[in-house]
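Engineer: Letter by letter, the chains look like this.
2 protein chains.
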Amino acid sequence: MESNMIFVPMVLAIVGLLFMFVKMSWVKKQAPGDERMQSISKSIKEGALAFLGAEYRLLLVFVVIAAIALGIISMLVDTTHWIIIVAFVLGAFFSALAGNVGMRIATEANARTAEAAKTSLPNALKVSFGGGTVMGLGVAGLAVLGLSLLFFIFVKMFVTGEASFYSEMTIALEALAGFSLGAESIALFARVGGGIYTKAADVGADLVGKVEAGIPEDDPRNPATIADNVGDNVGDVAGMGADLFGSYVATVLAAMVLGNYVIKDMSVNGPFTDSFNNMGPILLPLVIAGVGVLASIIGTFLVKISNNEAKEPQVQKALDTGNWIAIVLTLIASFGLIKYMLPETMSMKFFGEGYVEVSSMNVFWSACIGLAVGALISVVTAHYTSLGKKPVLDIVKNSSTGAATNIIAGLAVGMKSTFLSVILFAAAIYGSYTLAGFYGVALAASAMMATTAMQLAIDAFGPIADNAGGVAEMSELESHVRERTDILDSVGNTTAAVGKGFAIASAALTALALFAAYVTFTGIDGINIFKADVLAMLFVGGMIPVIFSALAMQSVGKAAMEMVKEVRRQFKEIPGIMEGTATPEYAKCVDISTKAALREMIVPGLITIITPIIIGLIFGAEPLGGYMAGVCVSGVMWAIFQNNAGGAWDNAKKSFEAGVEIDGKMEYKGSDAHKAAVTGDTVGDPFKDTSGPSMNILIKLTCLVGLVIAPILGGHSTEEGMAQLTTEEVVEVKNDEIKKVLVDLKVINEDMAKASVKTKTIPSGGGEPVITETVISGTKEEVLKKIDELKEEATSFHQTGDAAKKQ
Amino acid sequence: MESNMIFVPMVLAIVGLLFMFVKMSWVKKQAPGDERMQSISKSIKEGALAFLGAEYRLLLVFVVIAAIALGIISMLVDTTHWIIIVAFVLGAFFSALAGNVGMRIATEANARTAEAAKTSLPNALKVSFGGGTVMGLGVAGLAVLGLSLLFFIFVKMFVTGEASFYSEMTIALEALAGFSLGAESIALFARVGGGIYTKAADVGADLVGKVEAGIPEDDPRNPATIADNVGDNVGDVAGMGADLFGSYVATVLAAMVLGNYVIKDMSVNGPFTDSFNNMGPILLPLVIAGVGVLASIIGTFLVKISNNEAKEPQVQKALDTGNWIAIVLTLIASFGLIKYMLPETMSMKFFGEGYVEVSSMNVFWSACIGLAVGALISVVTAHYTSLGKKPVLDIVKNSSTGAATNIIAGLAVGMKSTFLSVILFAAAIYGSYTLAGFYGVALAASAMMATTAMQLAIDAFGPIADNAGGVAEMSELESHVRERTDILDSVGNTTAAVGKGFAIASAALTALALFAAYVTFTGIDGINIFKADVLAMLFVGGMIPVIFSALAMQSVGKAAMEMVKEVRRQFKEIPGIMEGTATPEYAKCVDISTKAALREMIVPGLITIITPIIIGLIFGAEPLGGYMAGVCVSGVMWAIFQNNAGGAWDNAKKSFEAGVEIDGKMEYKGSDAHKAAVTGDTVGDPFKDTSGPSMNILIKLTCLVGLVIAPILGGHSTEEGMAQLTTEEVVEVKNDEIKKVLVDLKVINEDMAKASVKTKTIPSGGGEPVITETVISGTKEEVLKKIDELKEEATSFHQTGDAAKKQ
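Going down the list, the sequences are from chains A and B.
Here my numbering is used: the first residue of the first sequence is 812, the next is one more, and so on.
Here my numbering is used: the first residue of the second sequence is 812, the next is one more, and so on.
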């Protein structure tokens, strides 16, 4: 039966995009404020688009080079089709498009939010959250649309029934990996470049403006003010958006690859069939993603407040309500879909345990684990970085003895925060794998990512509110406007910290799912770190996040220094700037940040992309797996450490605004303790906004590059086209005993081969099955001979044993 | 033929110890200085011994608990004998004894060095280096003596020829692991406790003395001065000594375990024999260690200067000469020993490649790699932490814009320094493994550690010179005395940084060798991180060093605060203290540091020891392997990062003493930039002296605990005593074809079993061998049946194939 299930996510994605257009035009219809507000908003928008423009030019170069490289791969490797180039370019284009749409709406919504705040807080929330919704739906809608459209086309192209379903589907999914690689490449540029941009502008504006010239933040006389506001959009809107777009696509892709593997595992019992064109486990993650878009739309309707006098808790509650409704709806729908689309029990291969029967309910529980761990990691993140909690208070207390003790305390908080996060994360891996293998891990990640649209709407609303405050300040609006935008901004700060926890948790689970997909793609038996080359690469991988962080931190320093010099120059050379009679040259500062960001991200970007390729080509598939694991383990640790230390320092500094009690004495802004806290915050800035969040991209992109080059490394490639032959043969029943044989033959080169022959014998009357796996290596001739012998033995089984006994 | 080779290391160790006594009595015969100097020296000695005394009391509790735990293990597990308790206690005792001897001589040598410096720099060097030599030879001599003595006894006890050589030797080596565990436990107390002690005293003395009261460093009016000087001995002499004692013993032990594995591998071709009681590969590392002691003694004779006007370079050159002579002699001797004691070619099993013929020269090249990498990592460490080099100058430059930029620059230097160190380290693993398997890795570590006596003599000489300067200052000796001790101290600072590089490199290689020994002990097939539980534990392991560092840093902060309060109290309550008419209560400060250090090290110590036990018992052998790998990868990274960042900050601060040029302006002590650099140094202090060096112990102890509990986890344990049966059978020759079969049977529980049957077929006329490995899992009955079938098939080989063809 032809199934039309593939159209479901496509339609849901289109619904999401239509709703996005409705919301977009609604936001644009709102009053844009007076001329000054419009002019400031326009400057921010132009700066942001200038950054995007410059980024696109650099991207074009990158995309062309990468496309050529992919073309070469597709020529060298039978199982990689040139169409991967199209998928790659489309992935890059869709991600860039989503970022562009989000950035445009965010920079339009800021002045409109400020204007709405003149009369009503509920309206201001509606406008700013509306802007966030556009971003969220744009990202999720384009991701699901791109994936389902390409998957539809690739299945038509490649899954023709000429070869085995598994190998044809592998080719289709490998091409689809190009889409994910394209998306993640944009994320690299947006997240790392954006991170450098925003901190260079921020530090530059603060050092000269606040410290040297003594003018307040967001003061229109500061030439770097616009760049600073652009930075919020570039880093927190476009950067976060591209990061989650990448995670979203990669998670769904990895789950699809592992779904294909489930089908392969089940084919040991004969060809797999279901009423979804025999690809239920592959389609499931895509459909869940589509349903998540719909659930998110419903959730957005619930984000509203009615009281004009509302404070932070009410606003937070409105956001939480929307978020939880979206999550619960997704969970309910997932339950139905899992029951509907998956066989009641599946046979999955577990390393070292052989084939295990897994119920579809286990897959659902895996999804629940994903959602629970995502939520709990957010809670842990909030604990370590929130105002008034012990970790932040510890840093505050240690500020009284100077900057050094403040720094030590902040570092210790960041380091300690890894404990619970990693335990949760390890529990998620262990739990979801135990329930449903790596398919379970991928589904856990998919469930977590399903409500990305809602999550991103909440994330993007923060910077819009922050910018609205900036517009209000620069346009010298009445103070109650700023008070209202401050309420929204304050809630936005909390959601930003939680969002970072969500982003790293999702990136880590995504990386794991990709890692699992990589192992199945290469056809290796696992990644054994007791092999010295694998262990060596585990160490090298562990080092990469450390170096990447160091480079990112240094980049911020360098770029900020350039900004400082430019601002100083303008203060000196433009007469009347301090009196407000002359306009500073905002564009020059924007330009400096843009150029510095793009220039500085080239080296870390190249390290990320080229290192796995070099290691894969020189050492092979398994050491590259060790490298990927090293990057993930170390990357997760450094991400949590840097994000949370930075967040905690930031709030320790903020604590002084309301005054804090240290050893029985109240300390306020301007005290020595506050100065120490400012030093800590300055150290933490690149941690939390540049190097920390960059880790997400580093670990995902590393695994994705591995996945894309997997066909070159694994047994797929060969002369004679016989690289890897997997035959599922000989299902015999004799004396009620069932015997199944699976032969995996890998030709290493002209002379040598390696094969694995697995037989599973289920004794008559049930009972524990006996699994034997024979690994043979030697000359091709000898190995083929031995396989024949083993197959003979299997088909004539019990004869050997009986014959032996008679002797 | 009975070989007496085992007595060679024993005799060499005794020679080392005799020479130590000679040197010790020579040092003691030197003039101890005037009454005041003697009194100060006595206070330091008493403080140091007070710390040791308190440590021993805590240790006694620990040793009793651990001995009981080991007793329980030995009762539960057939292959673990209760004698492991004796080995454990002896290991703890020898390590403590070595530390005690070293600490006593160091605290006697300080005043004598100052006295000698009154007249002659060459003599001052001779005395201080003499003290170091006593420490070095005490550690190395006791280590080699303990290991060879116990090994001799255990071989007599267990290797009786009743069971297979491999399994009997495994029991002997498992008992020997107790000695290593005892030694490393002391190292935990000495290194972590000592690290907390020294920094608490240092920070406490500085904060109140230098900053609040404005009196110089080492001023006798400061109540914490003695504690500060005691700290140098506790941390840098006893801590470093115990650390290297532990590494030394563990490395040799791991190499012996892997030597046993080499013998097992070679037994596939029939029983292994050589003229060293058939245990050449096991004895080799022990003999090399013995020879290293002799080479170190010869090296110490070359450490001398003749010119009284010599400066740092000449002193450094004298140390370098002695060091290199010791290394070269060891290398030459190793070449001869390897050629003499190992078979010309060995058959070693490489994962995934089967059995490979390895020449004994490969083992020698592995040893060369170990020495080369040890030296190169020291060079890298020196580059990142030395005065006048780019990394330190970068930090200096960034001090001009305040503490925040100084901190960021220092963090970046530490992070970047991981790059070359890790690449070198990965190259060492890869190179030595490729040459000679994990035996090669262990021999690389052994070669690096062979000159531990010399290395430690150089390391311990620094703190003695530093203390001599303190004694000179406190006794108000003439300034030329201090100038001379300062020359020695300055050289000591450089050797300390390099020594830290050596310590972490050796700890890392040791951990790897232990890790390899662990895998062979448990009998698992490797550590596959594609299994979810293993991967989850890899993450958990990666988190432990981060948490450990955070706890250690916090401990320093807490202990320093207590010290600050006590010093403040004494200044306030003891009249005449500032005028020098009343003596401060030094002992109270010593007591505070002692108690705080011991109290604060309990939690990190427990985490280190208990976590691997819990993981091993709950999840099993392979996940514990993943945990160990996680701790090693992350631990090495954090050790290098923290050590080098701390060292670089320290020297960035010191740069200001001679004056530095920043942006064309000279900056000196007391400038704002210098203050920023002081902040950096304060952050770096716990990094480089507490948490950084603690990582060494953490990674070694983790692997060692794993090794000791391996028998509980692996296939050794079982009812029926049939846990792991390894039979090496059926060597048949038919039609010139040679066939060998190796059966490994593991009984999992009453019902289930797992077996591996390996056959190696060498075709007639040579050519590539065909190796097949069949892994069978299922009910015990079925597995045994299948093994019989496979054996039948092997003995009657070609019949099945021929028969099949006829059908």
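Calculated directly from the structure, the hints in this document are not laboratory data.
Hints are not guaranteed to be accurate.
EDC-like mimics (lysine to aspartate or glutamate), calculated; alpha carbons at most 20 Å apart, straight line [what the hints assert, rightly or not]:
hint	chain 1	residue 1	chain 2	residue 2
1	B	Lys1486	A	Asp1483
2	B	Lys1122	B	Glu1396
3	B	Lys1342	A	Asp1336
Just so we're clear, the structure is a prediction, and the values are computed from it rather than from any experiment.
Engineer: Now tell me if each hint is right for this structure.
Structural biologist: Here is how each hint holds up against the structure:
1. Note on Lys1486(B) and Asp1483(A): the hinted pairing holds, with a Cα-Cα distance of about 15 Å set against a maximum of 20 Å.
2. Proposed proximity of Lys1122(B) and Glu1396(B) is contradicted: the alpha carbons are some 38 Å apart, above 20 Å.
3. Pair hint Lys1342(B) plus Asp1336(A) holds up; C-alpha atoms about 11 Å apart against a cutoff of 20 Å.
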